[in-house]
Amino acid sequence: QQPVQSPQAVILREGEDAVINCSSSKALYSVHWYRQKHGEAPVFLMILLKGGEQKGHDKISASFNEKKQQSSLYLTASQLSYSGTYFCGTAITGANNLFFGTGTRLTVIP
Amino acid sequence: KAGVTQTPRYLIKTRGQQVTLSCSPISGHRSVSWYQQTPGQGLQFLFEYFSETQRNKGNFPGRFSGRQFSNSRSEMNVSTLELGDSALYLCASSLGLGSYNEQFFGPGTRLTVL
Chain S
1 QQPVQSPQAV ILREGEDAVI NCSSSKALYS VHWYRQKHGE APVFLMILLK
51 GGEQKGHDKI SASFNEKKQQ SSLYLTASQL SYSGTYFCGT AITGANNLFF
101 GTGTRLTVIP
Chain V
1001 KAGVTQTPRY LIKTRGQQVT LSCSPISGHR SVSWYQQTPG QGLQFLFEYF
1051 SETQRNKGNF PGRFSGRQFS NSRSEMNVST LELGDSALYL CASSLGLGSY
1101 NEQFFGPGTR LTVL
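Quick note, the sequences are listed as chains S and V, same order.
Heads up, the first sequence is in the working numbering, so the first residue is 1 and it goes up one at a time.
Heads up, the second sequence is in the working numbering, so the first residue is 1001 and it goes up one at a time.
What the hints contain is simulated information worked out from the structure, not anything from laboratory work.
Do not rely on the hints blindly, as some may be mistaken.
As the list claims (entries may be wrong) - Residues from chain S that face chain V, not an exhaustive set, calculated with beta carbons under 10 Å:
#1 A27
#2 L28
#3 Y29
#4 S30
#5 H32
#6 Q36
#7 E40
#8 P42
#9 I60
#10 Y74
#11 L80
#12 S81
#13 Y82
#14 A91
#15 T93
#16 N97
Unchecked claim - Here are some chain S residues the structure puts well away from chain V; computed CB gaps all over 10 Å:
#17 E16
#18 V19
#19 S61
#20 S83
#21 N96
#22 V108
Unchecked claim - Interface residues of chain S toward chain V, partial, derived using beta-carbon atoms under 8 Å:
#23 A95
#24 F100
#25 G103
Computed from a predicted structure; not experimentally measured.
Glycine included, C-beta positions come from ideal geometry on N, C-alpha and C.
Could you put the whole structure together from the sequences, leaning on the hints where they help?
Rendered as structure tokens:
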């Protein structure tokens, strides 16, 4: 039930783009994306509901392919502040209990 | 609007003891979920409370329990602590039940069991 995230780690230079993928073997009701910096709590980025919608704010956006049970997080023109570990949390029922992937460690260097 | 608060932030206990952690959700949020985060297992769902009732439970032993009060504040209790219970315990609040609700995490309580 735990989703699979890829890649496990990525290093970017400022201004480069990245894509983080989240795949589930179960049908999904929703996908939640978070960023966690070392020693801090996960910070909510966005939620995608089944229906294949795409969301975004600033230079971070995400898509949800309901047929493939996959979601992708797109980071464009990365900034140093984007560094952290990104988690997707998936809901396979209508309930609030999320199953989290193992995370993608993103490092942005000058 | 104040965020989710958790107390205490750090705890050190010894095996066999019990511990109680507290979580105050964002004002107006009625659902509180608890998660355990460890380097090995990642983020794992413990349970969810809404209107003072446990609505969902993860795959954890009965030593882990919780409750919610009428003001939506929640506590979780771990009895007979084991070394493996050392973890960051996070609570997340959301407006209501349903996975279409955004969940916002508190800063967590870091529990160390010696």
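Structure-based check of each hint:
1. A27: violated (12 Å)
2. L28: holds (9 Å)
3. Y29: holds (5 Å)
4. S30: Holds, about 5 Å.
5. H32: Constraint on H32/S satisfied, holds at 7 Å.
6. Q36: Hint on Q36/S: holds, closest Cβ of chain V at ~9 Å, below 10 Å.
7. E40: OK, holds: E40/S within 10 Å of chain V, min 7 Å.
8. P42: With a closest approach of 5 Å, the P42/S hint holds.
9. I60: violated (15 Å)
10. Y74: Not OK, violated: Y74/S not within 10 Å of chain V, min 19 Å.
11. L80: This interface hint is violated because 22 Å lies over the 10 Å limit.
12. S81: With Cβ-Cβ at 18 Å, over 10 Å, it is violated.
13. Y82: Interface hint status for Y82/S: violated (19 Å vs cutoff 10 Å).
14. A91: holds (3 Å)
15. T93: Check passed: Cβ of T93/S comes within 7 Å of chain V, closer than 10 Å.
16. N97: Result: holds, 4 Å to nearest chain V Cβ.
17. E16: Given that every Cβ of chain V is farther than 10 Å from that of E16/S, nearest at about 27 Å, it holds.
18. V19: Holds, because the least Cβ-Cβ distance between V19/S and chain V comes to about 21 Å, which exceeds 10 Å.
19. S61: holds (16 Å)
20. S83: For S83/S, whose nearest Cβ neighbour in chain V is about 18 Å away, the distance exceeds 10 Å, so it holds.
21. N96: Check fails; 5 Å does not lie beyond 10 Å.
22. V108: holds (22 Å)
23. A95: Holds, because the Cβ-Cβ distance from A95/S to chain V comes to roughly 5 Å (cut-off 8 Å).
24. F100: Holds, about 4 Å.
25. G103: holds (7 Å)
Violation of the numbered hints given earlier is confined to hints 1, 9, 10, 11, 12, 13 and 21; the remaining hints are satisfied by the structure.
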